[in-house]
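Visitor: Starting from the given sequences, assemble the full structure and let the hints guide the process.
Going line by line, the protein sequences match chains A and B. So in the numbering used here, spot 80 of the first sequence is number 80, and the numbers just go up one at a time. So in the numbering used here, spot 30 of the second sequence is number 30, and the numbers just go up one at a time.
Just to be clear, a hint being listed does not mean it is correct.
Intra- or inter-copy, both count: the list cannot distinguish identical chains.
As the list claims (entries may be wrong) - 20 angstroms max Cα-Cα, derived DMTMM-like pairs, lysine to aspartate or glutamate:
| # | residue 1 | residue 2 |
| --- | --- | --- |
| 1 | K119 | E86 |
| 2 | K42 | E3 |
| 3 | K71 | D21 |
| 4 | K71 | E141 |
| 5 | K119 | E135 |
| 6 | K71 | E135 |
| 7 | K42 | E82 |
| 8 | K119 | D70 |
| 9 | K119 | E92 |
| 10 | K42 | D85 |
| 11 | K119 | E141 |
| 12 | K119 | E3 |
| 13 | K71 | D20 |
Calculated from the structure, these hints are not laboratory results.
There are 2 protein chains.
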Amino acid sequence: MGEGVEWAVHCCLTLGWLGDDQPVSTARLAAGYELPPAYLNKQLQALVRAGILTSTAGARGGFRLGRPLDKITLLDVVTAIEGPDEAFQCTEIRQRGSGAESPARSFVAPCAVSTAMRKAELAYRRALAAQTLAEVKVAAERHVPRLEDSVRRWYGRG
Amino acid sequence: MGEGVEWAVHCCLTLGWLGDDQPVSTARLAAGYELPPAYLNKQLQALVRAGILTSTAGARGGFRLGRPLDKITLLDVVTAIEGPDEAFQCTEIRQRGSGAESPARSFVAPCAVSTAMRKAELAYRRALAAQTLAEVKVAAERHVPRLEDSVRRWYGRG
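Guide: Shown next as structure tokens:
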């Protein structure tokens, strides 16, 4: 997993703290976390494609949340940034070499190795889907006094 | 995740079917799944380092299971092949840019984003740890008639 997920979740939280009154540019979001703007912009565009953010063009354009943080799960963000593919990719090696002698009907059911790995990935995805960004925001605020005020001030939203 | 996990789990199952009477060479295991021997050997050496396999040098040398399949979990194999690091790596971007104004004590507790992601990875690891290779072997045998006989015959173990 690349840094994209970390960046994307933090940017969504920031947009949550700023509210949706005016869009925030890539340059500002990048400066807000000292990230490379061009690469961050790729992640933000992926969030737009997934409907997590909306973007406005123009000199005063930028990004807003596409829906409230309690309607965005960690799975939404991970899928938007990393893609929908599972980490474990079965290449059906069971059918090769020594397996080539087994009758074709042996391979109708999914490979037991793949099934076992997918079971674990399903547990991962379920745990991601069970957590909304609203909950992550509350957890972040618990440890940093006046975090929302501090972010709003930094972005000039007083 | 690379193909290494798929290869490693299948090779362990094969060694389980063959029993531990004589070691199996990299060349034979590679041929048994039509895999590139040099790259497969790297995965097998990683399993040896993790204690999942043992290796014997020499012309008649090769690999045996280091312990029974019911004492090897999917997590053991994934950790041996992919390493112990979690997929999500927190780089503490919360402390940069807008975060730099917060007092140092704000960052004593782990980042909420990291905590949330780790919760999901823990669910993944728990699900991997809950499945032994003995269970995967039983599931594989359920769909392929006389799988053990077929593998033993291919490896000349009649």
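Visitor: Take the hints in turn and mark each one as holding or not.
Guide: Hints versus structure:
no., hint, result
1, K119 to E86, "both (11 angstroms within a copy, 18 angstroms between copies)"
2, K42 to E3, "within (12 angstroms within a copy, 28 angstroms between copies)"
3, K71 to D21, "within (19 angstroms within a copy, 57 angstroms between copies)"
4, K71 to E141, "within (19 angstroms within a copy, 43 angstroms between copies)"
5, K119 to E135, "between (26 angstroms within a copy, 13 angstroms between copies)"
6, K71 to E135, "within (11 angstroms within a copy, 38 angstroms between copies)"
7, K42 to E82, "within (12 angstroms within a copy, 27 angstroms between copies)"
8, K119 to D70, "between (27 angstroms within a copy, 18 angstroms between copies)"
9, K119 to E92, "within (17 angstroms within a copy, 31 angstroms between copies)"
10, K42 to D85, "within (19 angstroms within a copy, 26 angstroms between copies)"
11, K119 to E141, "between (34 angstroms within a copy, 18 angstroms between copies)"
12, K119 to E3, "between (25 angstroms within a copy, 18 angstroms between copies)"
13, K71 to D20, "within (15 angstroms within a copy, 54 angstroms between copies)"
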